[in-house]
Structure formats: C-alpha cells, structure tokens
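4 protein chains.
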Amino acid sequence: MRAYQLPKSGAGIEALAKVELPQPKPGRRQVLVKVVACSLNYRDVGIATGKYRMPTKPNIVPLSDGAGEVVEVGPDVTRVKVGDRVAGCFFQRWVGGAAPADAHTSALGGGADGMLTEYALLDDEGVVKIPAHLSYEEGATLPCAALTAWHALVEHGRLIAGQSVLVQGTGGVSIFALQLGRLMGLEVVATSSSDNKLAHAKALGAAHPINYKSTPEWDKAAMEATGGVDHVVEIGGPGTLTKSLGAIRVGGKVTLIGSAFAGAADINPMLLLAKRANVQGISVGSTQMFEAMNRAITVGGLKPVIDKVFPFDEAPAAYRYMQSAQHFGKIVIRVQ
Amino acid sequence: MRAYQLPKSGAGIEALAKVELPQPKPGRRQVLVKVVACSLNYRDVGIATGKYRMPTKPNIVPLSDGAGEVVEVGPDVTRVKVGDRVAGCFFQRWVGGAAPADAHTSALGGGADGMLTEYALLDDEGVVKIPAHLSYEEGATLPCAALTAWHALVEHGRLIAGQSVLVQGTGGVSIFALQLGRLMGLEVVATSSSDNKLAHAKALGAAHPINYKSTPEWDKAAMEATGGVDHVVEIGGPGTLTKSLGAIRVGGKVTLIGSAFAGAADINPMLLLAKRANVQGISVGSTQMFEAMNRAITVGGLKPVIDKVFPFDEAPAAYRYMQSAQHFGKIVIRVQ
Amino acid sequence: MRAYQLPKSGAGIEALAKVELPQPKPGRRQVLVKVVACSLNYRDVGIATGKYRMPTKPNIVPLSDGAGEVVEVGPDVTRVKVGDRVAGCFFQRWVGGAAPADAHTSALGGGADGMLTEYALLDDEGVVKIPAHLSYEEGATLPCAALTAWHALVEHGRLIAGQSVLVQGTGGVSIFALQLGRLMGLEVVATSSSDNKLAHAKALGAAHPINYKSTPEWDKAAMEATGGVDHVVEIGGPGTLTKSLGAIRVGGKVTLIGSAFAGAADINPMLLLAKRANVQGISVGSTQMFEAMNRAITVGGLKPVIDKVFPFDEAPAAYRYMQSAQHFGKIVIRVQ
Amino acid sequence: MRAYQLPKSGAGIEALAKVELPQPKPGRRQVLVKVVACSLNYRDVGIATGKYRMPTKPNIVPLSDGAGEVVEVGPDVTRVKVGDRVAGCFFQRWVGGAAPADAHTSALGGGADGMLTEYALLDDEGVVKIPAHLSYEEGATLPCAALTAWHALVEHGRLIAGQSVLVQGTGGVSIFALQLGRLMGLEVVATSSSDNKLAHAKALGAAHPINYKSTPEWDKAAMEATGGVDHVVEIGGPGTLTKSLGAIRVGGKVTLIGSAFAGAADINPMLLLAKRANVQGISVGSTQMFEAMNRAITVGGLKPVIDKVFPFDEAPAAYRYMQSAQHFGKIVIRVQ
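These protein sequence lines are chains A, B, C and D, in that order. One point on numbering: in our numbering, the residue at position 50 of the first sequence is 645, and numbering is uninterrupted. One point on numbering: in our numbering, the residue at position 80 of the second sequence is 675, and numbering is uninterrupted. One point on numbering: in our numbering, the residue at position 189 of the third sequence is 784, and numbering is uninterrupted. One point on numbering: in our numbering, the residue at position 305 of the fourth sequence is 900, and numbering is uninterrupted.
Source of the hints: derived by calculation from the structure; they are not laboratory data. Just so you know, these numbers come straight off a predicted model, no measurement behind them. Wrong hints could be hidden among the right ones.
No copy labels: a pair is met if it fits in one copy or bridges any two.
Stated by the list, open to error - When the alpha-carbon atoms are kept at most 20 Å apart in a straight line, the in silico SDA-like pairs for lysine to any residue are as follows:
#	residue 1	residue 2
1	Lys838	Asp861
2	Lys724	Pro695
3	Lys815	Ala606
4	Lys646	Pro911
5	Lys724	Asp697
6	Lys620	Asp671
7	Lys838	Ala816
8	Lys646	Met865
9	Lys652	Thr700
10	Lys724	Ala696
11	Lys797	Gly896
12	Lys676	Asp697
13	Lys646	Asn863
14	Lys676	Lys808
15	Lys797	Thr893
16	Lys838	Met865
17	Lys724	Gly822
18	Lys838	Asn863
19	Lys676	Thr700
20	Lys903	Gln931
21	Lys898	Leu799
22	Lys838	Leu866
23	Lys676	Ala696
24	Lys652	Pro670
25	Lys652	Asn863
26	Lys652	Asp671
27	Lys613	Asp908
28	Lys838	Ala912
Make the full structure from the sequences, and use the hints.
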C-alpha cells in the first residue's frame with residue numbers, strides 16, 4: 596500500500612516521502628480502515644518543521660485525521676463492523692473519563708503511525724462512525740480540530756445556551772468552535788485580521804465579528820459587545836492570552852489549545868485572580884467525546900467548512916498551504 | 596389598586612374575587628412592580644380547585660407568573676431600577692445554589708401573594724429583567740413553565756447538543772421544553788393525542804411527533820426513533836412514568852414535574868435499576884437560573900407560544916379555559 | 596487448572612462443579628492472573644439460584660471478585676506487568692466515562708467467565724493494582740461491593756465531608772459504604788435488626804445506629820438524628836425504598852443497588868416529587884473508579900471487613916453461608 | 596459602642612483608631628450581632644498598608660472575620676434568631692450559586708464595615724451558625740481563611756478521598772486546607788521553611804512535609820512523593836506558581852488565592868498546556884459554602900489552630916504580629 600513517511604520530527608515538509616508499505620492485518624480488538632480522505636492540523640506542520648512539543652516516532656506515517664471504510668476486523672471487535680464509515684480517533688487509547696497518562700504514545704501521526712496511508716490499522720475503541728450526512732472528506736476534518744473545539748466548549752466550558760464564546764482567527768479549531776457554538780445556542784464573538792473572513796464568520800452565525808488589526812483592543816470590544824465573554828477558545832500567539840483574560844467576565848473561562856503556544860508571551864497571574872478566571876490546557880479528546888460530538892453534528896446538520904482539497908500525491912503542497920495561513924476552515928487531502 | 600383574591604385553597608374558580616387593596620410601599624431590598632400581564636399554570640388551577648399539594652396563604656392574591664415595570668424601589672436595592680421591565684420569580688427567596696428549605700413560603704400565589712394585581716411588592720432578588728425582544732405578555736409566560744423546563748433540561752439534564760428529550764403533550768412546560776431544547780441543539784420527541792397539535796410541535800422543531808392515542812406504545816416508538824431518549828420531561832398522569840422509563844436509554848434521565856402527579860400510578864423500582872435511570876423531582880428554579888434562561892431566550896430569539904389572552908376582568912374564564920386542556924402553550928391575562 | 600463451573604443460571608448451589616480446564620494464554624492486550632482469593636456477592640448466589648436479572652453464559656466460571664498475581668502478559672499490555680498484585684474488574688470493558696451499552700457481556704462470572712479458578716484471563720484494562728497494605732483476601736473483596744459503594748457515594752452522591760449517608764444492614768456494600776463514608780468525612784446512619792451488628796457498625800464509625808426491628812419507623816429516626824439524610828445507599832427489599840425516601844432531606848438522593856430488588860414494592864412517584872429527590876440505579880463501576888477508590892483506601896488505611904474465609908474446595912459452603920445472611924462484611928474463598 | 600476605624604486604605608496600621616459609634620438598629624432582613632471575637636487575614640494587613648487590590652470604603656470598620664451572638668433581628672429575618680451563635684460572612688450578598696458581579700461592595704472590612712466592633716449590623720443571609728463544639732474565638736477564624744480553603748478543595752478542586760493536595764506555608768488558609776483536606780481523606784503535602792512548623796503540620800496529618808529552604812526544588816520532591824499532586828492551593832509569592840505547575844500531575848489543578856500575589860512572577864502558559872492544568876482564581880466563598888463547611892467541621896470535630904489571642908485594645912499589635920509572619924494558623928482579637 597502507498598503511504599507517506601516523515602523520517603523524523605523536524606525533517607521538513609520536503610522530507611515527506613511517498614513509500615510502499617506492507618498492508619497490515621488486524622489483531623485482537625483491531626480494525627483495518629481503507630482511508631479515503633485526511634485533513635491537516637497545525638500540529639502536523641509543527642511535527643514536520645520541528646515546532647511540536649511532543650516526541651514523534653521515527654519514520655512516522657503522518658496526520659492524525661482521516662476517514663474511510665472498515666474493511667477488516669480482528670477478534671473481539673464489538674464497536675464497528677466491515678463496511679462502517681469511520682474516522683480514526685486522535686488518541687487510540689483514550690476511551691472515556693480521564694486520559695491515560697501515556698495517551699500521547701497512541702496519538703496518530705505522532706506517537707503512533709497516522710492516517711496518510713491507504714490502509715490504517717486502528718484500535719476497536721479508536722474509531723468512531725462518521726455522521727451519515729457527511730462525505731469522507733468532511734468526516735476527515737473532525738478528529739483533531741472539531742473535537743478540540745467540542746472539548747473546549749462542552750467539557751471544559753460546560754457552556755449552556757445563551758452564554759458567549761470568543762474564537763480567534765479562522766483556522767480549523769476556531770471555525771468548528773463557531774459552528775458548534777451556534778448549535779449549542781451560544782453567542783459567538785469572532786476575531787480575524789481580514790474583513791472578508793469576518794464576513795464569512797458572520798454568515799456562519801458569529802454575532803460579533805471583530806477585526807483585530809483595525810481594533811487592536813479587541814478585548815475591550817468583546818467586553819463591550821457582550822458584557823464580558825463567558826469563554827475564550829485560546830489558540831495562542833504572542834500576547835493573545837493576556838487580551839483573552841481581559842475579554843472575559845468575572846468568573847469566565849479560557850481554554851488553551853495546542854500548537855501555536857510555543858511563541859506565547861508570559862502572563863501575570865494577577866489577571867487570573869482579578870477575574871477569578873478558570874484557565875485549562877486541553878489536548879483533543881476521548882472516543883466518547885467524539886461520539887457525543889457526532890450526535891450534535893448530526894442533529895444540527897453541521898457541515899464542516901473545507902477550504903481546499905489536495906490529491907494524495909500533492910500532500911506536501913497541502914502542508915505548505917496550511918503554513919501560508921490563508922485558509923478558512925479545513926484543508927483536506929484525498930487519499931483514494 | 597385592583598387585585599384578585601382567593602379566600603382559601605380549594606374554594607373554587609368561582610370564588611376568585613376582584614378586590615380593592617391598598618397599594619404597597621417597598622421596604623428595604625424590595626421593589627414595586629406595576630403588573631402588565633400574567634400567565635396561568637396548572638398549579639394555579641390546582642390551588643383554586645384544591646388539588647395542589649403545598650399549603651396556601653388565606654386570601655391569597657393568585658398567580659406566580661407576571662411581568663411589568665418597576666415603579667419604585669426601597670433602600671439597598673441593587674439589581675434593578677425604576678423603569679426596568681421585569682418578571683417576578685416564582686420563589687422570591689431562592690437566589691442561586693440550593694433552594695432554601697422553606698422556599699415554598701415565598702412562592703408567589705401560594706405561600707405569598709402573587710401577581711394577579713395591579714401592583715406587586717417583590718424582593719430585589721425576586722425579579723429578573725425580561726428579554727428585550729419580548730412583550731410583557733410574552734415575558735409573563737416565563738416564571739413558572741419556562742423555568743421549570745429550563746431546570747429540567749439544563750440543571751438536572753445537563754443535556755448537550757445532539758442528545759434527545761421527550762416532551763409530553765402541549766402544555767406550557769412541554770412546549771417550552773421543546774423550544775428550549777431546540778435552542779440547545781437537542782433532538783426532540785413530542786407526544787400528543789392530537790395530530791393538529793403534533794403538526795404545530797413539528798413546526799416548532801420536534802423531530803419525532805408521536806400520537807399516543809394512535810400509538811399507545813409511544814415508549815417503544817420513541818426508543819425506535821432515537822435508540823433510547825436521553826431525557827424525559829415527565830409531567831405525570833396515570834401510567835406515563837412507567838412508559839417514560841421504557842423510552843429512555845440505559846443511563847437516561849427523567850425529570851418529574853409537578854402538578855399532575857396526584858393521579859400518577861405507582862412504579863416498580865426495578866425499572867429504574869434495569870435502565871440505571873436517574874429520576875429527579877424538581878420545582879421551578881432559582882433567580883440565577885431565570886437569568887441564565889433569559890440569556891438563552893435572547894440569543895436564540897425564542898418567542899413564547901401564547902394560545903389566548905384574557906382581559907383582567909375575565910380571569911376566571913382563563914382558569915376555566917386551562918381546565919379544558921385545549922390549549923397549546925400559554926394562557927395569558929392582561930392586567931393593564 | 597482447577598476451576599468451578601455452573602452449568603446454567605438457576606442450576607442451584609449444588610450444581611457448582613469443580614472441573615479441570617486448560618490454562619489460557621493471553622492474547623493482544625490480555626493478562627493472565629494467578630488467582631489467590633475470591634469473594635462472594637449476593638449476585639453470585641442470585642445467579643446460582645436463578646434470581647439474578649441479567650443473562651448468564653452457560654457453563655460459567657462463577658464470581659466477579661478475585662485477586663491474584665499477574666503471571667503473563669500479551670502484546671500491547673501497558674497498564675500492568677508480570678508480578679503485579681491485581682484484582683479483576685467486574686466489567687472488563689468499562690474503562691472510564693459512560694458504561695458501554697453492552698457492558699454486561701464482559702461482566703465476570705455473568706456474561707464472561709469469572710474468578711473462581713486458578714488462572715483467569717483478563718483484559719489489560721480489566722485489572723487494577725490492589726493497595727499495598729492489603730492481603731490478597733482483602734483485595735479480593737473490592738471489585739463488586741466496595742466499588743458499588745464508592746460509585747454510590749462518590750459518583751452518584753458527589754457527597755462532601757459533613758454530609759450524611761444511610762446504609763442498610765451489614766452486607767458487603769453497606770459496610771464498605773460505612774467505611775468509605777467515614778474516610779470521606781461523612782456522618783453515617785446504619786440500620787440493622789441486630790444490636791450486636793449495630794455495635795460493630797458503631798465501632799467502625801457509624802454515628803447513628805438504628806435497630807429497624809425495635810424502631811420500625813427508622814425513616815423518622817434517621818430524619819430526627821440528622822435533620823434529613825443527604826443520601827441513602829438503598830439495597831432493596833420489601834418497602835425499604837419508600838422509607839428511604841422518607842429518611843432523606845428535601846433535595847436528597849437515593850442510590851438503588853442491585854440484587855435484592857426483585858422483591859421490592861412499587862413506590863409512589865409523589866414521594867420523589869415532594870422531596871425533590873434524586874434516585875439513580877447503578878451497577879458496580881468502571882476501571883477508573885476502581886483506581887480512584889484504591890487511592891482512597893490506601894490514603895485512609897481502610898481494611899475490608901472479612902467475616903469468614905472458606906477453602907477452594909468448600910466454595911458451595913461459602914454460597915450457603917451468604918444465603919443464611921448471618922455475615923457482617925465479606926465472605927472470602929481462598930483459591931491457593 | 597466601641598469600634599476601630601481605618602481612615603482609608605493604606606493609611607497604615609498606626610492609623611487604626613478606636614472610636615465610639617452609635618449602635619445600629621437592624622432594618623428589614625438585617626440582624627444585629629454582639630461581636631465576641633475577630634480574626635485577622637493577610638488581606639486586613641494589606642488594606643491597612645495599601646497592598647490590597649480592591650477598593651475600600653473610607654473610615655472602614657476593619658476585619659472580615661468575627662463571631663458573636665445575635666441580639667436583635669429586623670423584620671422578615673428567617674435564618675437566625677436572637678441568641679444564635681453566628682459568624683459573619685465575608686460577602687454579605689453571595690448566598691449561593693454564582694457570585695454577584697458587585698460582591699466586593701458587600702465584603703466586610705473592605706467594601707462594607709467589618710467586624711472589629713462591639714456590634715455589627717449584618718444581612719440575614721450574611722450570617723451562619725458556628726459549630727457547637729467551637730468557642731467564639733474558634734468560630735471567628737472561619738469566615739475568610741477556612742472558607743477560602745474549602746472553596747479551593749471542594750468547589751474548585753472537587754477533590755475526592757485518596758487524592759492529594761499541596762499547601763504552602765503555615766498561614767491560615769494553608770493550615771485550614773491541611774485540616775479540611777484530612778477530613779476529606781486527602782493526602783497532604785505541606786511546605787514550609789521551618790522544620791518546627793513542618794513537625795506541627797505533620798502532627799495535623801500532613802503525609803509529606805517538605806522544607807523549601809533545604810529542598811528548593813520542592814516541586815520535584817512533591818512529584819516524587821505523590822506521583823504528581825492532584826491539587827495545589829497556591830497562596831502566591833515570587834516564583835511559586837511555576838513550581839506549583841511543576842508539582843502537579845497531568846490534568847491537575849491549581850487554585851490561586853488572594854493577597855500575596857502582588858509580587859508574583861509572570862508564568863509561561865506552555866506550563867499549563869503541557870500539564871493540561873486547570874488554574875482558577877477564587878475569592879472566599881458563599882453563605883451556602885460556609886454552611887456546608889461548618890457541617891464538615893462539626894462531623895469531623897475539626898478545631899481551628901489559633902496561634903495567639905490579642906485583647907481588643909491591642910488590635911494594632913495583632914496586625915503587626917501577622918506582618919511578622921511568625922504565626923502558625925490564626926491570629927485572634929478578643930472583642931468582649
């Protein structure tokens with residue numbers, strides 16, 4: 596079977612190599628998935644360029660996100676059957692409840708081989724059925740970005756209808772947070788440096804689009820629009836966290852999301868104290884969270900926003916397109 | 596000022612008397628509200644006809660639900676000011692957290708004088724501002740029925756987008772549960788004996804309307820439609836609770852709502868055990884819950900469903916209309 | 596290896612047969628445990644005598660509860676290693692979060708072969724290390740009764756120090772609820788028909804022992820002693836649930852526990868409504884709950900109360916002793 | 596009546612003036628308390644010396660913490676009666692649920708007149724009965740320090756028996772966190788620069804005393820002792836927060852407590868992300884939390900640790916003793 600491999604973390608996008616690998620055979624409680632489509636996350640670019648904080652298996656098959664069809668199941672598989680349309684779970688071994696301490700060792704495309712391959716060997720409890728109204732391309736966008744947004748809003752935020760959330764920029768996590776937030780009845784504040792992108796965000800239901808270039812004090816603008824937002828999905832970057840703490844109401848929450856934090860500035864803990872804020876770092880989510888999210892996507896008829904689809908042979912171009920940060924929503928790679 | 600009084604619980608609808616009472620003066624932490632509209636609940640009919648389980652103050656001014664304008668405030672009032680459009684809270688002394696043990700002594704129209712009057716004297720923490728997009732008639736529908744539905748779905752249910760709820764019939768609590776459930780992204784199953792009413796419920800967003808006359812095994816129908824509902828808002832009546840326990844999934848919940856339970860049949864606790872069900876009795880909600888609900892109503896643009904509006908002088912006719920159980924949604928009395 | 600088998604559910608205690616079975620070999624994510632001791636629960640007697648509500652695998656190796664040493668591990672086992680002292684988990688496939696819908700199919704000694712054997716084949720995620728200060732006999736008492744009590748108090752009850760719990764009788768679940776409750780800082784009310792057993796319960800920390808023979812209105816006695824208990828661990832039996840609902844405060848909770856409910860009387864749902872009670876049926880607990888409980892047992896130095904230890908060859912006598920209901924705490928069978 | 600007043604925040608300990616004030620009269624929903632004893636918190640010293648972050652009423656009667664006897668009640672008081680032994684609540688208007696946004700305006704000894712007076716006028720919902728086994732001196736230690744510790748462990752931490760907490764130093768909050776933690780079945784790590792104080796902490800139940808002078812890498816020592824603590828009650832100071840984030844397990848929590856944070860160093864948000872930590876700023880707690888804590892103190896028989904008692908006339912000396920930071924536990928002022 597055909598797959599991509601990256602020799603080691605930081606080898607560079609140009610080091611991504613198309614290889615021929617033996618097709619794996621599912622063991623006890625394993626399933627074999629014929630991958631149809633994958634999607635990209637900042638983490639994947641970070642792994643290729645050496646900016647990701649977790650260790651990566653050598654010669655990794657990259658990408659956490661992919662969807663396809665179950666073509667074979669091993670003994671004692673109970674959750675899916677041949678023919679099911681599934682996505683892989685970012686963490687193969689985090690079923691529900693608390694994450695196992697060694698969760699990262701089972702993270703697809705990082706600690707374990709990922710989805711940029713024609714056939715992926717996954718755990719019974721490491722796949723979930725994708726919503727019936729979604730294509731494989733759309734289903735492939737869910738495992739990392741959508742679930743991270745869901746984890747932030749539902750599990751950390753415990754947000755209820757009528758509360759407000761601020762999303763930053765128009766990457767995958769933020770656009771899913773906007774769309775999922777609308778499903779839940781939330782009031783959404785969206786920031787971007789582009790009025791075009793803000794118009795798109797508004798069309799998706801953002802009540803308060805704020806251009807952070809023309810309104811550098813976007814924290815005050817958000818405070819004014821909402822009386823203090825209940826929640827910020829903080830994707831990091833220089834200085835944003837301090838502003839996020841400025842945007843929330845007393846008793847508000849901030850969820851810290853992954854990859855862009857390497858360059859984040861230090862913060863003054865007095866800001867947390869003054870706002871009696873709750874700040875939580877998260878990392879994607881569990882299989883049970885994924886299933887719960889898929890029910891919400893199904894009932895709400897949510898359609899993931901796909902910016903561009905690249906063919907399998909042009910996977911490196913997809914990486915570079917993400918690096919350019921022009922996208923709105925998700926970047927997809929079609930495998931077959 | 597003009598008001599209605601009921602000499603005692605069970606005196607009968609015909610005993611409702613229009614009286615002239617002195618206009619009250621707000622003391623410390625009290626506000627005076629000029630009432631514009633009231634709404635009716637089964638409990639009010641139950642109090643008049645002697646079928647309500649809680650004790651009632653003699654010569655009670657009836658009705659828990661009303662909305663109007665703040666016209667005077669006493670010392671140390673901090674939450675509202677003259678001119679604010681407010682609704683009274685069912686419990687005048689349940690601000691947030693756990694209900695005080697003696698909450699019923701401050702329940703409007705039961706333990707304490709209610710809203711069927713031109714001027715009502717309420718606690719600072721016993722009023723909430725009504726959403727700006729609602730009229731006084733619409734605001735007057737919220738205190739008991741809507742908040743009960745909110746308490747069931749949000750506080751007891753902790754329901755998240757994508758989960759399912761079953762609502763019974765088309766009274767105030769059930770229609771609010773349907774509407775609020777849709778705001779939250781829930782899949783709604785609605786039962787009624789009338790296909791017309793089910794068509795209306797469907798128009799409001801119910802995914803699965805079930806006619807319990809033509810489908811007596813509505814529990815099985817609900818199970819089939821959803822794979823087992825996550826939550827039932829149980830308004831009582833002979834035999835419904837056993838069927839509700841049949842309709843839920845393993846691990847599902849049932850909220851027991853007030854007034855109609857006098858005639859409810861006994862249930863077998865094995866049903867709860869077999870479903871690992873969670874069953875909770877509730878009673879309306881707190882001032883903080885009311886404020887949270889109003890934010891959801893505002894963000895979602897929810898409009899309460901009003902069946903009919905009666906003038907102040909025809910309040911007894913409004914009671915009799917509720918008794919007839921023909922209504923869909925709320926019955927309102929216009930005070931001024 | 597030697598083991599017991601029961602030909603089918605309801606075959607009777609006398610049908611328990613000592614057999615010679617081939618020693619199993621662990622597959623992927625499986626471990627082999629050399630069992631040192633087992634313990635009995637009402638459920639086991641119920642399975643033998645045909646009074647248990649869940650289906651049982653034919654020729655089942657009985658008993659959910661056992662502890663021993665890991666002697667071999669299959670591929671991809673990450674949670675334990677050879678030499679670890681472990682107990683098996685009642686449910687082999689409920690790691691954390693919500694229970695899988697088909698959890699009972701992996702229940703030891705019911706849906707799947709259990710622990711009354713020299714060697715048990717268990718899932719990697721279906722074993723937990725036992726506290727270092729406990730013997731194998733003591734560790735073998737934990738999987739069903741202790742974890743059920745923990746689930747009731749911690750997961751359903753969310754009880755905090757200073758709250759009160761009522762435990763019924765002196766079987767395994769109730770005595771563990773008493774001991775775990777004391778670890779958590781709870782005020783414990785204990786009922787029994789025997790003053791001797793109540794003296795023992797008092798020595799274990801019960802603040803309010805009540806003899807339900809001499810005080811048939813034990814609900815009122817509990818109400819008087821505590822002002823209304825916060826929580827009842829309800830083990831069932833004719834009429835107890837109605838009394839439990841009488842014993843709790845407004846807003847209190849009742850957890851329904853398993854096996855004895857077949858003979859429970861119907862209850863009036865008005866009782867739940869009047870007390871705004873929360874009633875939940877539960878079934879043992881997850882692997883993560885078991886690990887959390889073991890930390891509490893370790894920090895608190897809790898020692899399980901063992902009534903009597905039977906040798907392997909006298910397992911049927913252990914069943915009959917449990918049937919006689921004379922015990923206080925747990926009944927153990929020594930395997931090797 | 597005699598009282599102390601501070602002309603304004605930052606006027607200095609020497610500006611504390613004994614004055615004669617008219618004895619107040621309780622209005623609607625107010626109670627008059629004859630104060631027997633008060634206790635000191637860092638915040639009180641901070642207000643006197645100008646290091647407290649919240650605004651202070653001019654000519655404030657200082658101190659949030661005091662206990663005494665109800666000697667008169669106004670109309671509509673339902674929670675207490677004349678003769679009750681009570682403590683005042685730090686926030687007079689935070690009954691339960693979420694704190695009101697303007698809570699600080701009702702904070703005793705800051706936004707509103709406090710307890711260093713012979714008679715204090717308090718809200719009905721701003722007093723709680725003190726545990727029967729405590730003296731007035733002991734009861735006077737609870738309102739700020741103990742409730743802050745309770746809020747951290749129970750409300751933010753949701754800690755359950757068997758989990759671990761790290762407390763810093765031997766001030767009021769830390770010693771209460773140690774004692775309350777033990778009541779709840781927690782494993783306690785305690786730090787101090789004094790071996791004598793650590794011996795005392797050990798006698799109170801701390802499992803792991805760590806001298807941060809002789810063990811500057813106390814985060815690693817805590818990690819080693821516990822495998823990563825579940826919770827830190829962070830009282831601030833230069834650099835401690837970074838070490839606290841080092842001491843917790845993945846998924847652990849840190850509660851930020853008040854006054855000493857003015858001098859806290861900035862932190863790198865990557866630390867929160869790497870540990871998937873949850874960090875929350877808190878401020879004392881509600882009346883309902885206080886009542887819950889008092890039940891725990893009663894059931895557990897907890898006795899507050901009082902370092903020294905000063906007479907009313909020597910209140911400034913009590914302030915200076917706190918400034919010297921020699922104390923272990925609470926400093927009390929006897930009023931009458």
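Hints versus structure:
1. Lys838 / Asp861: both (12 Å within a copy, 15 Å between copies)
2. Lys724 / Pro695: Intra 23 Å, inter 15 Å, cutoff 20 Å: inter-copy only.
3. Lys815 / Ala606: Answer is neither; intra-copy 42 Å and inter-copy 33 Å both fail.
4. Lys646 / Pro911: This pair counts as within: shortest intra-copy Cα distance 17 Å, inter-copy 56 Å.
5. Lys724 / Asp697: This pair counts as between: shortest inter-copy Cα distance 17 Å, intra-copy 25 Å.
6. Lys620 / Asp671: both (14 Å within a copy, 15 Å between copies)
7. Lys838 / Ala816: This pair counts as within: shortest intra-copy Cα distance 11 Å, inter-copy 35 Å.
8. Lys646 / Met865: The answer is between: 13 Å across copies meets 20 Å, while 30 Å in one copy does not.
9. Lys652 / Thr700: Answer is within; shortest intra-copy Cα gap is 9 Å, inter-copy 36 Å.
10. Lys724 / Ala696: between (26 Å within a copy, 16 Å between copies)
11. Lys797 / Gly896: Classified as both: same-chain Cα gap 18 Å, cross-chain 17 Å, threshold 20 Å.
12. Lys676 / Asp697: between (28 Å within a copy, 16 Å between copies)
13. Lys646 / Asn863: between (25 Å within a copy, 17 Å between copies)
14. Lys676 / Lys808: neither (50 Å within a copy, 39 Å between copies)
15. Lys797 / Thr893: between (22 Å within a copy, 18 Å between copies)
16. Lys838 / Met865: both (13 Å within a copy, 16 Å between copies)
17. Lys724 / Gly822: between (40 Å within a copy, 15 Å between copies)
18. Lys838 / Asn863: This pair counts as both: shortest intra-copy Cα distance 12 Å, inter-copy 15 Å.
19. Lys676 / Thr700: Between copies only: 18 Å across chains, 26 Å inside a chain, cut-off 20 Å.
20. Lys903 / Gln931: The answer is within: 16 Å in one copy meets 20 Å, while 60 Å across copies does not.
21. Lys898 / Leu799: within (11 Å within a copy, 22 Å between copies)
22. Lys838 / Leu866: both (10 Å within a copy, 19 Å between copies)
23. Lys676 / Ala696: between (29 Å within a copy, 16 Å between copies)
24. Lys652 / Pro670: For Lys652 and Pro670, only the inter-copy Cα distance (19 Å) is at most 20 Å; the intra-copy one is 27 Å.
25. Lys652 / Asn863: Neither. Shortest intra-copy (36 Å) and inter-copy (27 Å) distances fail the 20 Å Cα cut-off.
26. Lys652 / Asp671: between (28 Å within a copy, 16 Å between copies)
27. Lys613 / Asp908: within (8 Å within a copy, 63 Å between copies)
28. Lys838 / Ala912: Neither, since 34 Å and 42 Å both go past 20 Å.
Hint compliance for this structure: hints 3, 14, 25 and 28 are not met, and every other hint is.
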